[in-house]
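Engineer: Taking the hints into account, I'd like the entire structure generated from these sequences.
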Amino acid sequence: MRKNMYARSIERLEAQLAGVKADAATTPMAARAAIARRYAELRHAQGLPAPDDALPLLARAAPALATLPPGSVKSATYGDGHWTLDVAQADATVIRDLDARMRSAALPLLVAPAGGGARLRFGGP
Amino acid sequence: MAALHAALRIPDPALRWLAAKSRSERRVMSALLAVVLVALAWALAWQPVARDMEALRAARPGNAAALAAARRMTDEIAGLARSSAQPAAPDARAGLERILAQQNLRSAVTQLEWQDGRARTVFAAVGYDALIVALDALQRDAQLRAVEATLTARVEPGMVRAELTLAR
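Line by line, the protein sequences are chains Y and U. So that you can map any letter, position 89 of the first sequence is 89 in the numbering used here, and since no number is skipped, the others follow by simple counting. So that you can map any letter, position 164 of the second sequence is 289 in the numbering used here, and since no number is skipped, the others follow by simple counting.
Don't read these hints as lab results, they were simulated from the structure. Computed from a prediction, not measured in an experiment: that's the story for all the values here.
Simulated pairs of lysine to aspartate or glutamate, DMTMM-like, Cα-Cα distance not exceeding 25 Å: (1) Y:K74 / U:E288; (2) Y:K74 / U:E281; (3) Y:K74 / U:D254.
Structural biologist: The following block contains the structure:
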């Protein structure tokens, strides 16, 4: 009985780690990225969206992005699991508030000043 | 050990200088030395530790959320790995054309090229909301997702120029 439980646990663990390369997980960040990559591959193989696809990512960020002044987002570019937004005339308080909201949505924001505005980047690990 | 003793030994000039002081002066100097040592320990050891603790405390909710998400993913990976891959919808081109027509966006497409199973699609001017609805339908009904996208705001409110690369 107990042996069966152990065997099932090991089978479950092996199934969970199938395709996740052990050498990729040298740091917690790398492990997280490897899990997310494998998860996305399997979701796509089933014809399902993955969390870092363009639309799901945008949907998760949308409530926080809605706090930006209307018309302030000049362009948005998606690639490699990340969105990059160019925001015009970004007030420091607005960006700080947005950063806090994005953080609480588990989408940390990278902010860089760009030509009087700001460039914002968010996405998967 | 002998080297440590030698390093910690008070130099002879300092000992002679101390010997010349009264008992109460030596006590005051000892107290001052203790205050200086405590201040140094606070500045060099306690402050960095407190800063690190604060940073770790601030990062804790994010790390906990990331860990929970990773656990959810690994749980789901087991199920996904067991189930066989779903066969792709019959024809990506037909699917794209059908959804564009359904969403009344076919006439808004200004460029459409297929290469290596990827559709490069350009809308010179399209409503942002309509585009999002179409992308959702493409994912759901034709298993086509945007692997690259560039949306540029146009002067007309709510309108964008969209350059998309769609793939399965």
